[in-house]
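Q: Start from the sequences and build out the full structure, keeping to the hints where you can.
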Amino acid sequence: MNRLKFAAGLLGMMLFAAGSASADDCTGTLRTSAVSATLRPVTTGEQLQAALKDIDAIVAQCPADPWINALGAEMDLRVYNALLAANNNQVNQQAFDFLQRGLARSDVYMNTAADMRGEVFAIQTEHGKGNLTHSFASTNRKSILQIFMAMARLGQVHPYFKAETPKTCTGWLTSDTQTVGYAMETEADLIFRPFIDAAAEACRGEGNDRLPLAVASQAYVRLVERGALTFRSDVSKALLKARDYRDAYLSRGGFDFHYSKFDADRLDRELRKHEVDPMAGRLAREQWFTDEHFAREKMQFSLAWALSEEWAAISEKLAKGEIELAAGGTQYTRFVYDVLNDGREAGKEAETKAALRTALSDVQQSRVRAIAMADYELPPQWLYDMLMKTAAAPPGGN
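Number 140 in my numbering belongs to position 140 of the sequence shown; there are no gaps in the numbering.
Treat the hints with care, since some could be wrong.
What the hints assert, rightly or not - Derived lysine-lysine pairs resembling DSSO-like cross-links, with alpha carbons at most 30 Å apart:
hint, residue 1, residue 2
1, 237, 162
2, 298, 261
3, 241, 162
4, 142, 53
5, 53, 129
Read the hints as simulated data drawn from the structure, not as lab findings.
A: In C-alpha cells form, the structure reads like this:
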C-alpha cells in the first residue's frame with residue numbers, strides 16, 4: 001500500500017471519528033465493540049484504518065469511560081508505530097499527534113475513580129475473549145512514556161517532563177516517576193531532573209504516596225555513580241537532593257521493598273566518596289558508647305571506618321618515610337586501646353572487645369575501607385593477629 005495514502009487515510013480516520021456520536025451503553029455493547037476492535041487481526045493498512053475508525057467512534061461516544069479510553073490509547077500507540085514504520089522510522093507531526101492523544105486517553109483512564117474502572121475479564125467478542133486489566137493500561141502508558149523519553153533525549157522535550165508543568169501526587173504520577181526515574185543513568189537523562197524533582201515535591205506531604213521520593217533519591221545516586229554528572233558542584237547538589245528525598249521517605253515509614261538499607265548505604269558511600277559529607281552513615285566517636293548506638297550496625301561501621309582512617313594516616317607517614325613500620329604499629333595499637341579504654345569507662349569492656357574484633361576483621365578483610373586507604377595496603381597480618389589476641393581478645397584471652 002502507498003505509504004502516503006496510508007498516512008493520509010489514518011489522519012482522515014482521526015478527523016472523521018471526532019464528530020461521531022451514539023447513545024449506546026458505554027459499559028456494555030460499546031465496550032465490547034472496543035475490545036473486539038482491539039483484538040481484530042490487523043495485517044494491512046486498510047485493516048488498521050478500519051480498527052482505528054471503530055475505536056475512535058466509540059471513544060467519541062464515551063469520552064469519559066476509562067476502559068474505552070484505555071483501549072483508544074492502545075490503538076493510538078499501534079497507529080504511531082505503523083506511521084513510524086511507514087516513514088522510515090522518522091517521527092512526523094501526525095505520528096506525534098497520535099502518541100499525544102494516546103497519553104491524554106491514558107490520563108482519562110487513571111483519573112477516573114478506582115471503583116469505576118474495576119478489571120473486567122473474559123469479554124466475549126467475535127475475535128476471542130479479552131481482558132481489561134490495570135496491567136494492560138499500565139503497560140500501554142509506560143510504552144508511550146518511554147517513546148516520549150527517547151524524543152526528550154534527542155532534544156524534543158514533552159511539556160509533561162518540564163518543571164513548569166504542575167504536578168499533583170495523584171493519577172499516574174507514581175507509576176510515571178518509576179518509568180522515568182528507574183531509566184535515568186546517563187548524561188542524556190539529566191533532562192528528566194525537573195520531572196522527578198517535581199514529582200518528589202508533590203508527594204512529600206503526609207497522606208501522599210511516598211514512593212516518588214525514593215525513586216528520585218535512587219535516580220540521583222545512580223547518575224552520580226555512573227558519571228553522568230562531572231562538575232563537583234553538580235555532584236554535590238545531586239547527592240544532597242538524594243539525601244533530602246531519602247530522609248523524607250524514611251521519615252514516613254522506614255525501609256521497605258522500594259527503598260532498602262542497601263540504597264541508603266549506597267547514598268552514604270557516595271556522600272563520603274565525593275566529600276559532600278565525610279560523616280555520612282557514621283557516628284561521632286562520643287556517640288559510640290551511648291545506649292542508643294552501642295554495638296549497633298551504625299556504631300560498628302563507624303568504629304571500623306575510624307580504624308581504617310587511622311591506618312591510612314599511618315600509611316601516609318610510612319610512605320613519606322616519616323616513621324618506621326614498628327612505630328606505625330604502635331600508633332595503631334594505641335588507637336585501638338584508646339577505644340577499649342572508652343568502653344571500660346562506659347562499663348562495657350567485654351562488649352567493646354567484641355566490637356573491636358568485628359571492626360578489626362572488617363578492616364583486615366576490606367569489608368570497610370576508608371576513602372583515604374585507596375592507595376595503601378592493609379595493616380600487616382602480624383599486627384592484626386596481635387590485636388585480636390590482646391585488646392580485642394574474648395573473655396579470658398588476655
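Q: Confirm or reject each hint.
A: Evaluated hints:
1. 237 x 162: Answer holds: residue 237 to residue 162 is near 19 Å, not above 30 Å.
2. 298 x 261: holds (11 Å)
3. 241 x 162: holds (18 Å)
4. 142 x 53: holds (24 Å)
5. 53 x 129: Cα-Cα ~21 Å, so holds.
Hint compliance for this structure: no hint is broken.
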